[in-house]
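Chains A and B, in that order, give the protein sequences. Number 100 in this note's numbering belongs to position 100 of the first sequence; there are no gaps in the numbering. Number 125 in this note's numbering belongs to position 125 of the second sequence; there are no gaps in the numbering.
Any given hint could turn out to be false.
Stated by the list, open to error - According to the in silico footprint, chain A covers these stretches of chain B (three or more CB under 8 Å from chain A):
1. 33-46
2. 111-121
3. 131-140
4. 146-159
Claimed, not checked - Sample of chain B residues facing chain A (criterion: CB under 8 Å; computed from the structure):
5. K8
6. T75
7. V76
8. E77
9. H96
10. I108
Unchecked claim - Derived Cβ-Cβ restraints for the label pairs, each shown as a range:
11. Q3(A) / K33(B): 16 to 26 Å
12. D123(B) / T663(A): 31 to 41 Å
13. E31(B) / D12(A): 14 to 24 Å
14. D123(B) / L778(A): 27 to 37 Å
FYI, nobody ran anything at the bench for these hints, they're computed from the structure. None of these values were measured; they are calculated from a predicted model. Just so it is clear, CB atoms sit at the ideal spot from N, CA and C, and this is done for glycine as well.
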Amino acid sequence: MKQRERRLVSGDGFYVDDIELPNMVHCIFVGSPYAHARIKSIDVSRALKVAGVLAVITGKEVVELMDPLPATSNYSAIGWHWRTPKAYPIAADKVRYQGEPVAAIIAEHPYIALDAADLIDIEYEPLPPVSDINEAMQPESPLVYEEWGDNIQVHLEFNFGDIDAAFKEAERVLPVSWHEARVSGFPIEARGCVASYDKVTGMLNMWSSTQAPFLGRQYISSALRLPTNKVRIVAADVGGAFGNKLNWWKDTVVGLGSIVTGRPVKWVESKRELFLTGSHNRDVTWDGEVAVKNDGSILGVKAKFLKDLGVEGTNRGSAAMGMVPACCSVPNAYRLKGVKIEAYGIVTNKSPYCAYRGYGKDKGIKFMERIIQVVSRELDIEPEQVRFRNFIQPHEFPYKQLSGYVYDSGDYPAVLRKVLKLGEVNSWREKQGQARKQGKYIGVGVAFVVEPAGVAAPHCIYGGLTQARVSITSDGLVEVESDQTEIGQGSDITRTKVAANILGVRLDDIEVKRDTSDMPGSGVYSSRGAIYPTGALIRAARELKARMIKLAGHFLNEEAAYIDITDSVFHSTKDPTKRMSLKELADCVYFRPGPRGLPHDMQAKHEVLLTVSASWFSPNTTQNPTNTYATYCSGADIAVVEVDVETGAVSILKYAHVHDAGTLLDKDVVEGQIFGGIVQGIGEALSEELVYTKSGELLSNSYTDYVMPTAQDSPDIVLGHIETLSPFTELGQKGIGEAPPIGSKVVIINAIENALSPFKIRVPESPATRERVRKWILESQGG
Amino acid sequence: MKVPIETKVNNKPYKLEVEARSTLLDILRDELKIKSVHRGCEDGECGACTVLLNGKPVCSCLVLAPQVGGAEVTTVEGLLKGDELHPLMLAFIENHAIQCGYCTPGVIMTAYYLLNNLTEFTDEELRKGIEGNLCRCTGYIHIIKAIKAAKEYKDSGNWW
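Required output: the full structure, derived from the provided sequences and hints.
Next comes the structure, spelled out in structure tokens:
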């Protein structure tokens with residue numbers, strides 16, 4: 001058990017940078033200094049003369065040798081306004097964002113490649129850039145893709161329920177708006193891969209820091225014009241991902257580098273390059289109104305939703321598609337009559353946009369939790385009371401939400417009650433009153449999240465494929481494989497535990513295998529690991545166990561109904577003298593007497609008896625792109641903050657979180673996800689921000705300027721669990737990975753607004769940096 | 001330009017010819033094949049490449065290789081006793097303080113330094129002590145728990 005952890009703690013990793021192949025060379029990318037410019041000429045002759053440089057790949061080679069990057073989603077087929085640009089991983093004609101690769105250099109050493117980078121002569125014709133979404137929507141704006149005629153990549157309209165009835169019934173209509181800055185996950189290990197092409201067989205082998213090797217294979221083989229069965233990808237140890245490693249556009253160039261040079265090529269992305277070339281996320285603006293009754297009942301929400309997709313939203317990542325869950329997740333935990341959203345996905349001269357923990361659903365949920373704060377404030381009802389009034393009730397599950405989501409189970413009032421108690425809300429509210437008399441500004445924030453998890457969407461690469469294989473080896477040990485790629489979320493631990501529990505074998509007898517593109521499954525994203533691949537694993541393990549029991553009955557001369565297995569030993573519940581170890585059984589099945597010695601009906605099935613593959617699919621998802629999730633966990637957060645009105649600094653005095661993720665597969669793993677997620681959300685709320693200048697230059701391109709939480713910024717967190725089982729999964733488990741940073745971000749913002757209520761400040765955006773907090777205070781005082 | 005240096009890494013002496021512009025991180029990874037020292041930001045911001053240089057934690061990406069002439073370097077490999085994990089490492093495993101594992105060796109080296117140099121510390125001091133090591137997975141909570149558990153190992157004499 002915990003073999004991976006034992007390996008990693010002692011430095012024995014298998015991260016991409018640890019991989020060395022004979023004759024391996026290195027790849028670096030050279031990026032554009034301009035956000036928007038035409039490439040007039042590129043001369044690589046001086047770079048090629050540097051000793052140790054093997055090749056320089058520019059847009060010219062890429063256009064000649066590759067197909068355009070495939071679109072990861074395309075809803076134009078169902079009539080949606082959905083554009084997919086023709087995109088290559090290296091710019092050929094013009095650059096559209098600062099840092100966009102204009103060349104890749106393959107050299108014997110990364111430093112040689114860096115030396116050569118300075119010798120590439122490129123003549124640019126700078127074009128006016130557009131880095132502001134509102135400007136990008138103006139008719140006179142510079143165009144990111146001239147052929148489109150405007151910068152609108154996606155325009156969607158969702159009208160859920162009966163919005164007219166909702167607003168007709170309203171006693172008050174309140175304005176609501178909210179903006180989230182551009183942020184991302186930025187794992188400590190950036191992206192990277194090793195590619196090794198064998199020209200005799202035409203096989204491209206790759207090792208990648210990826211969340212989804214099977215999807216990566218599809219993408220890379222398409223771009224490189226290789227048959228899919230000539231590309232194989234092995235997931236290396238992944239040094240954090242958070243959605244940022246769900247894209248392979250740069251990997252295609254590394255593969256091409258190996259094809260061109262005939263040498264294995266390694267690419268380890270620098271941190272600055274990760275900041276500059278994405279993937280980015282958030283950067284959304286909501287503007288609308290909410291219809292309410294005076295008792296706090298929320299009737300409906302109308303809003304315009306703008307998302308800054310950066311350079312391109314469908315090929316270098318999956319940006320545009322995230323708008324669908326953003327809009328569908330607005331109703332969150334509440335019964336509403338109608339929701340109407342008009343959504344625009346706009347391209348600008350910023351880095352590509354792709355997944356980051358929350359993906360899209362986070363945006364709708366945070367908007368709704370900001371709405372609740374507005375309603376609470378304007379109607380002078382405590383925020384938890386607004387939630388209690390509007391919650392979907394425990395007896396209403398499965399609940400068909402307005403947007404089409406089918407909520408599986410939950411007890412939202414119980415979750416909220418529990419967190420109010422753990423957060424000691426009443427006593428903090430008393431302290432808040434006393435503190436104000438002393439000039440101290442304490443605020444209590446509340447947030448509630450229902451996280452749609454486990455997407456299986458049509459017309460995109462995230463269709464919900466999954467696969468697990470469980471095998472007993474000839475010496476009675478267990479091998480587990482699935483597409484639940486280990487990215488630091490703890491899937492090796494949970495897979496070991498789930499398999500051991502079902503099979504009745506010792507934890508130490510289980511080996512979880514590294515994920516590869518051989519395993520047809522979509523990988524890890526959308527908090528799907530606990531749902532899809534785990535579901536497949538459970539089904540495979542159950543079937544395998546049934547076979548094991550049947551075989552043990554045969555050898556022990558006992559009816560299968562009386563055979564049980566504990567700690568890898570079979571025994572008869574009728575006759576305790578009848579025992580055999582799994583090792584003995586495996587030996588019988590494989591060799592002595594071997595398959596020919598088994599009962600004829602078992603032989604006749606033509607199966608490898610001790611290997612079972614299975615899949616899993618959610619019973620509730622449909623072809624409808626607005627109903628694509630399998631489970632819906634819930635969580636509630638309480639944050640108590642103190643705002644120093646002189647400096648704008650925010651400190652967290654208390655943090656409590658209660659989570660209902662159905663059956664917990666492993667408490668440590670779940671808590672690790674929750675703690676890590678909460679702190680990520682706190683970073684987003686207070687300090688993390690990708691700042692672009694008007695000319696499209698990224699100012700926050702390192703950990704110095706992009707301020708992530710350190711150990712000093714992470715609060716003590718009081719945690720509570722509730723387990724309301726999902727009726728639609730194998731063990732009642734639900735996905736939980738993305739909920740924590742959604743709740744923590746918005747609860748901090750709500751708490752800050754509550755602390756600053758004497759100033760009547762409406763927090764318009766995140767992050768609430770010290771500068772912004774001071775600005776809001778000064779503005780409230782007419783300054 | 002090559003510079004000859006003599007250095008001791010994990011108690012083993014080495015005579016090396018290093019590129020003047022290479023860093024201690026480069027030498028440890030590329031020459032000595034010590035994989036635990038992770039390339040993070042190469043700007044001294046994330047701490048993933050933290051090693052002990054003459055007993056003190058440094059970001060090995062910020063130290064030029066020629067600077068380590070005559071110095072002693074320790075990495076997590078140097079804390080192993082044969083195949084036996086150091087009690088600090090066990091505390092990390094037992095407290096689920098390793099998620100993606102990329103920051104882990106750096107955090108371990110900083111924690112090892114803190115535990116060997118502070119007999120008592122508050123949570124606040126501990127948080128300050130490891131603030132140079134960024135972790136994106138754990139929110140630091142299990143890491144702090146693990147370091148406190150390691151202190152108990154140390155106080156009970158289970159340490160080296």
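Closer than 8 Å Cβ to Cβ for three or more residues is the test here. Does the stretch 131-140 of chain B pass it with chain A? With 10 residues in contact (Cβ-Cβ under 8 Å with chain A), the coverage given for the stretch 131-140 of chain B holds.
Outcome of range test on Cβ distance (E31(B), D12(A); 14 to 24 Å): About 18 Å separates the Cβ atoms of E31(B) and D12(A), which means 14 to 24 Å holds.
Using Cβ atoms only, decide whether V76(B) comes closer than 8 Å to chain A, and label the hint accordingly. 5 Å, holds
Report holds or violated for the interface hint on K8(B), using the least CB-CB distance to chain A and a cut-off of 8 Å. It is violated, given that the least Cβ distance between K8(B) and chain A is near 18 Å, above 8 Å.
Please check whether Q3(A) and K33(B) have a Cβ separation lying inside 16 to 26 Å. Given range 16 to 26 Å: holds, Cβ gap about 22 Å.
Confirm or reject the coverage of the stretch 146-159 of chain B by chain A under the rule of 3 or more residues with a beta carbon closer than 8 Å to the chain's beta carbons. With 0 residues closer than 8 Å to chain A, the stretch 146-159 of chain B misses the three-residue bar; violated.
Quick check on a hinted range of 31 to 41 Å for D123(B) and T663(A), using CB atoms only. 32 Å, holds
Given the range 27 to 37 Å, decide if the beta-carbon distance of D123(B) to L778(A) lies inside it. 35 Å, holds
Hint validation: T75(B) versus chain A, beta carbon distance must be below 8 Å. Holds or violated? Check passed: Cβ of T75(B) comes within 7 Å of chain A, closer than 8 Å.
Count residues of the stretch 33-46 of chain B with a Cβ under 8 Å from any Cβ of chain A, then say if the count reaches three. holds (count 12)
Supplied contact hint for H96(B), tested at 8 Å Cβ to chain A: This hint holds: H96(B) lies near chain A, its Cβ roughly 4 Å from the closest one there, short of 8 Å.
May I ask you to test the interface hint for E77(B) with respect to chain A, counting a Cβ-Cβ separation under 8 Å as satisfied? Constraint on E77(B) satisfied, holds at 5 Å.
In the structure shown, a violation is registered for the earlier hints numbered 2, 4, 5, in ascending order.
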